[in-house]
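Protein chains in written order, with our numbering: chain V, 507 to 817; chain U, 47 to 331; chain W, 4 to 288; chain F, 886 to 1268; chain Y, 886 to 1268.
Heads up, some of the hints might be wrong.
[Unchecked claim] Example chain Y residues on the side facing chain F (calculated, C-beta under 7 Å, incomplete):
1) Leu1086
2) Glu1087
3) Tyr1110
4) His1163
5) Ser1185
6) Leu1186
7) Glu1190
8) His1212
If you're looking for bench data, these hints aren't it; they were derived computationally from the structure.
Just so it is clear, CB atoms sit at the ideal spot from N, CA and C, and this is done for glycine as well.
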Amino acid sequence: ADQSLLNSSYDIARELFASYNEHFADYWKNKTGQTVEIRQSHGGSSRQAQAIIQGLRADVVTYNQVTDVDVLHERGNLLPADWREQLPNASSPYYSTMAYLVRKGNPKNIQNWDDLAREDVSSVFPNPKTSGNGRYTYLAAYGYAQQVFGDDQAAIDAFVRTFLNRVAVFDTGGRGATTTFVERGIGDVLLTFESEVNNIIAEYPDHGFEVVVPKVSFLAEFPVAVVERHAERNGNLELARAYLEELYSEDAQRLLAGFNYRVHNETVQAEFADQFPPLELLTIEQIAGSWESAMTEHFANGGKLDQLQRR
Amino acid sequence: MRTASHLRVGDQPWVKWSLISLALTLVGLLLVVPLVAIFAQAFSGGLQTYVANLTDYYTLRAIGLTLFVAALTVPINLVFGVFLAWLVTRFEFPGRKLLITLIDIPFAVSPVVAGLLYLLLYGSNGWLGGWLMDQDIQLMFSWPGILMVTVFVTCPFVARELIPLMQQQGREEEEAGVTLGASGWQLFRRVTLPNIQWALIYGVVLTNARAVGEFGAVSVVSGNIRGETNTLPLHVELLYQDYNVVGAFTSASLLAGIALLTLLVKSFIEWRQMRQRAALSEEEV
Amino acid sequence: MSLAITSAISLNPGKRVLPGFALSLGISLLFISLILLLPITGLVVQTAGMSWQEYWAVISDPRVVASYRVTLWAAAFASLFNGLVGLLLAWVLVRYEFPGKRIVDALMDLPFALPTAVAGITLSALFAENGWYGSILAEVGVKVSYTPLGIIVAMSFTSLPFVVRTVQPVLEDLAAEDEEAGISMGGSDMTVFRRVVFPSLWPALMTGIALSFTRSLGEFGAVIFIAGNMPYVSEITSLMIFIRLQEFDYAAASAIASVVLLASLLLLFAINLWQAHYLRRIHGR
Amino acid sequence: MSIQVENISKRFGKFQALEPLSLEIPDGQLIGLLGPSGSGKTTLLRIIAGLETADTGRILFHGEDVTRVHVRDRRVGFVFQHYALFRHMTVAQNIAFGLEVMPKASRPGAAEIRKRVSDLLEMVQLGHLATRYPAQLSGGQKQRVALARALAMQPQVLLLDEPFGALDAKVRKDLRRWLRSLHDELHFTSVFVTHDQEEALELSDQVVVMSAGRIEQVDTPQTLYAQPDSRFVLGFLGHINVLQGEIQAGRLSQGDAWIGLPESTLPVGEAQCYLRPHEVRLQLTPEAHAHLPLRISAVSLIGAEVRIELEADGWQSPEPWEVGISHAQYNEWQPMRGDRCYAVPDVGHLFTSEAGEPELIQWHKKKTQKSVERSVLQQAVGA
Amino acid sequence: MSIQVENISKRFGKFQALEPLSLEIPDGQLIGLLGPSGSGKTTLLRIIAGLETADTGRILFHGEDVTRVHVRDRRVGFVFQHYALFRHMTVAQNIAFGLEVMPKASRPGAAEIRKRVSDLLEMVQLGHLATRYPAQLSGGQKQRVALARALAMQPQVLLLDEPFGALDAKVRKDLRRWLRSLHDELHFTSVFVTHDQEEALELSDQVVVMSAGRIEQVDTPQTLYAQPDSRFVLGFLGHINVLQGEIQAGRLSQGDAWIGLPESTLPVGEAQCYLRPHEVRLQLTPEAHAHLPLRISAVSLIGAEVRIELEADGWQSPEPWEVGISHAQYNEWQPMRGDRCYAVPDVGHLFTSEAGEPELIQWHKKKTQKSVERSVLQQAVGA
Ligand SMILES: Nc1ncnc2c1ncn2[C@@H]1O[C@H](COP(=O)(O)OP(=O)(O)OP(=O)(O)O)[C@@H](O)[C@H]1O
Ligand SMILES: Nc1ncnc2c1ncn2[C@@H]1O[C@H](COP(=O)(O)OP(=O)(O)OP(=O)(O)O)[C@@H](O)[C@H]1O
Ligand SMILES: [Mg+2]
Ligand SMILES: [Mg+2]
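Working from the sequences, and respecting the hints, build out all of it.
See the structure below:
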């Protein structure tokens, strides 16, 4: 290969980027005549970011959490502070939301967030401390409570505490939670990305799982960015930018939608309209003001999450 | 040794057989069934899937890396283990006991912490890492880092096998060799090595098993680059995270296979040793 | 230490009869410094960056403290269980002849050789409510996977060989005459076991249990898959370190790691001291 | 308590460790089992104790069949060769063990046990070492603890397997003496195993000589020494000088060497004459009844007599000869390595057939003559 | 090659294993280092070999200082106490080792090595065992292999650490004999360590007696035995009968026991008289110059003389006495345990001050009188 590019990504995006990399390699060959090899690193996205800070020389990052990209700026000064402005849609070429996977026939009749606080329902989702997936779930529930209880902070806290108490298992990652729910038969509902829920159903066709998308949920962005310092050093800056920009192309968007992600491209949106029911998406700004404050108020050591989990 | 005809505790048949059955049951439940479970999962997709999973490009790369790291780790620890054992069993010097204790540290350190230790030192935020970065030397998140933590985790095995044996054998034979005019290398090759060879091989076998199977420490410093810094145990995790349960267990079964092979080699070594000893004592005058 | 050693060398240049002192000392010290000591200083430096209050706040965080409790209890139960089972297995392997003995003996090392992640995945599959064991246990109302019990299971599995392998050689060396003496003086089998055999095994058994305990304290890979990881209930300390790492809080991670490391080292050290004392009494000198 | 061994035999696999053998041990005696390594001494002792089961035969204690009685219930004291002290117990705890494991019903109270232990410690003169551990004792002290431990239960039979085997010559001698006096005092029946002739002869009331799983001879030490039944016993009880030759014309001869035989009806053919070192004198000239030329190969000064080692000169001897001379004679004669001299026997043991008992030959009937002869020699030497 | 040890001393940590000591070993001699355990024999031998470095002093071989010469280059043959044979090599390989590791330049060819090895095997009479491994040999055979191995390089100095320590009495005697003849044949300078007096006296040209890191006496065996320099040497060379008492009025007395002292200017005060077993006779009545009442505690029949063990009767002796009588006298007298008798010394060693050399006391100047006395005793006993 003439050039090689290292993409540091989250752990469940392997198939996605395996397809996309093929697409991009063709695209790049057509465009420049050069062959390009894309190397992939997958793992929990916080750990991935950490590896980059500690010296993993990735050119681009494609994560499922904004904070993990932010940290590359804050801790390593590896990319500019305004990285979100560099690509359309706040550098998030696709997005998803939190959905429920319930057992065949939805026996507990789970429809919305308040069902998850019911005493007879036990849920499964990953540990918000170790997994972005878990963090989104937590924020979605919290946002829902804010909507319901308004300014009544005590009621909000009480709701979220109950919600957290109904959790049967806190796996460290999304995949572990899925295994727990599907293979170990623990819990009545699995909370994860909508994109994942559909993958799971495809993976286990004979379990008869059903998807429930709550009326209100959280906008889960999938930020991408060029790690400029590294890309520059590797002489890949141009290639890296092209790699991310191409994600916004119609073909790529179609490919992403094929992996159950919601996309912004309207043509593609229309094509996949049945698959993605409309719903109210809460943003981080609505819930916590910003990712930064969400991290310090909710997830930091001793923050809201810790308080609500304390017994 | 005439154990057979001694009057010993617990030799009544009913005690003996109930203890044996209890032990066999426990071994079955604790060790055999998990082993069987791994293979059962691996073959749950049929033989073809198994072969397909095994010959997957990234799996092959992971096998390659794992074997590569093991192939480097073993000689490094072999050399170190032999020198250390030679040092502490053949010489008296202040600090000797401390040295013997130090070598046990990796047993006491959690693998994750071990990885962390290296990351803190050689990562680009660590003290050496910054300098290394400037020199454009990448240790962490590439195979040298994996090699380093693997060496750390496995370094006690060879030394621990050799030290008690060499202590027990004493230094008389080597002294005899010296009085007969042997040089250092001749002494080691012709006198010491033949006496410790089985212990050495056993140490190597254990080192290899652990090197191949190390997960915690490696996962911290690997960087998880598919096909590059993904060792077999990490590959198992990756596949598992990726809904490829059968694939994950295929790789796991490979590791279990290596483990079994290792144990087999080890038993074979022990068996040979025992036979040798028995043969010798039989002919004893 | 190294100062003391070098001064000892320079004091008496021609002192050593066997060759290779300087070479083996050099290589051993270099290796130990690079592979063992340097990374540990990294940890010390990281924690040294914190003030005492910060350090204390991190290590005494209630959730972390809860994890100590869980880890300690689980490790204690696991190592006790291993003490019992390990003693039984060692006894059966040394004392009795039965078909398949060599295979059982070889299998003993399986947990060392099997990657911990594989062990974790397999155990959680076996003990899940729909797994082979879990479904049987569920009928009697026992849940293992995703409860603290699961932690114990994972810990015992990964550290079982320590007890077996430390007790086995001692048991082999026990003189038959001791038991015969006990029996000929009128002791019943149980009495002789309790009063004659067991006290001789005791130091080795304790060492095995202690090793098993320290190993359990640090176990990560096998435990997280089966633990359930509920805050305050089934979170282990290694996971807390891992979480701190996820939060990019290296200092805190190091601080917690230092607690585990210190605890393990202290335990090992204490066990060594105690054993040395006990053995001195038994072996004289 | 008397012990009867009836027809006991034992095989290990294909190896017959004990041929069927019987033995009668009267009450209160101290019996030595003597024999070379592998002769089955330990096996027999262990069978008597009940630590091993015989293939055939019976063991009777005081007329009562105990063959099927477990060791635990035979109440014999057994002292193991390497002491088999419990390493993790102090001396006192070791001695108390047997008492403490008695069934509750018959077990003495704690105070009584303490008292008995301290009495035993006094008896073996180790009162000051009660709290030591075995590893902190010397070999002799260990052996005494082992004895005290075996005696704690007041057994009527005491069995000892090579009790002094692992000890220094000096300590060995002390302990031997001490065991003898202990036995005289306490009057139990004791059987001890040894491969040391000196020990067996010095210590035992009766010595049982064993060889290859069979009993060769049972006798008092004196009889055994004076009238050995067989070549084996004779050879086993000390150094033996051998003349192997052919009987012809009233002489046993080989090469330059011969001895005259008293006119008895001896068959012509191969024969050996065995001579004990003290039954032979050395002279510078041969005597009328013997011509045994020898050359001195070593002189050993130590002990009561000076031991002279000699090589056959002009004939063949499988092993060097040994003759003891007094220090006085040594000072007079000053024999040196390489000197030639002649051996003159006073008494000899003649073996003619392969097995069979020896014939005692006495060249000088009157013993008192010997010292006269001796001074004659000294004059001859002095010249 | 002569060996000079000059002012050698050695300490291990705080423990002074060797006080500064010097020793001269003439070419071609066979020297025994004799002393109790821990006296520093092995340490001295290892220093001579170069296996240990002395703290002070020099070692000279043939006048040449070799103190700084590495063992490898001293070319001494060293035989280790436990043989230290290479257990993974056959007998022949063991013996060939020293030749095979020689530097290429001086190393003999393969054929030459084979030849030398087979010669050595012949010499130690082990030709038929060339392909055995050490574990398949008996102790005595191992020892001979160890010797052959050490001799393969034709050293001019042969050092042996307790060469016979681990062997049976019988094998030991054979090997001792064999070593002596080997030494006489090959004429190297040999030093061997032993703690067995008999061995040292029998084998050595000169004996070096060591105690607590010091050299007590260096002498030929005869002189050493006849004129020991010190209490230690006297006591170490065999059993000693001691009368510990007070000198008063020309007598050394304690309790009922006394011996008359020749009229010399002896100071009044504590003193001990040491008597060797063969320097004492037993009688049924006391003699004019000595009154030493004893009671027989044991009679040992074995060996050249009958050994009588006695206890002090009416006085105190730290250890029992031992006296040897001839079998003839034994048969006449038939002494039994418990019998009373009197000891009569002929020669004694009197120690007056704590250290210092003993004074030789002779009650009977003319040695030849002894046998006369003896027959007198026999008549007395016979009565
Ligand atoms: N358990 C056993 N299995 C096989 N052979 C045995 C066993 N015990 C003893 N023997 C054999 O029986 C023979 C007699 O053994 P035993 O121990 O009684 O001899 P011993 O006279 O006590 O010899 P030693 O003086 O060496 O102790 C020996 O040849 C020994 O090898
Ligand atoms: N390496 C060592 N370290 C410490 N002390 C030692 C060492 N080697 C010997 N010693 C001590 O030096 C003293 C003399 O030892 P050495 O081995 O020379 O005695 P020995 O006369 O050969 O005794 P033995 O007859 O028991 O072999 C002993 O007290 C011994 O404990
Ligand atoms: Mg025996
Ligand atoms: Mg020594």
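Okay, the hints, checked on the actual structure:
| no. | hint | in the structure |
| --- | --- | --- |
| 1 | Leu1086 | holds (5 Å) |
| 2 | Glu1087 | holds (4 Å) |
| 3 | Tyr1110 | holds (5 Å) |
| 4 | His1163 | holds (5 Å) |
| 5 | Ser1185 | holds (5 Å) |
| 6 | Leu1186 | holds (5 Å) |
| 7 | Glu1190 | holds (4 Å) |
| 8 | His1212 | holds (5 Å) |
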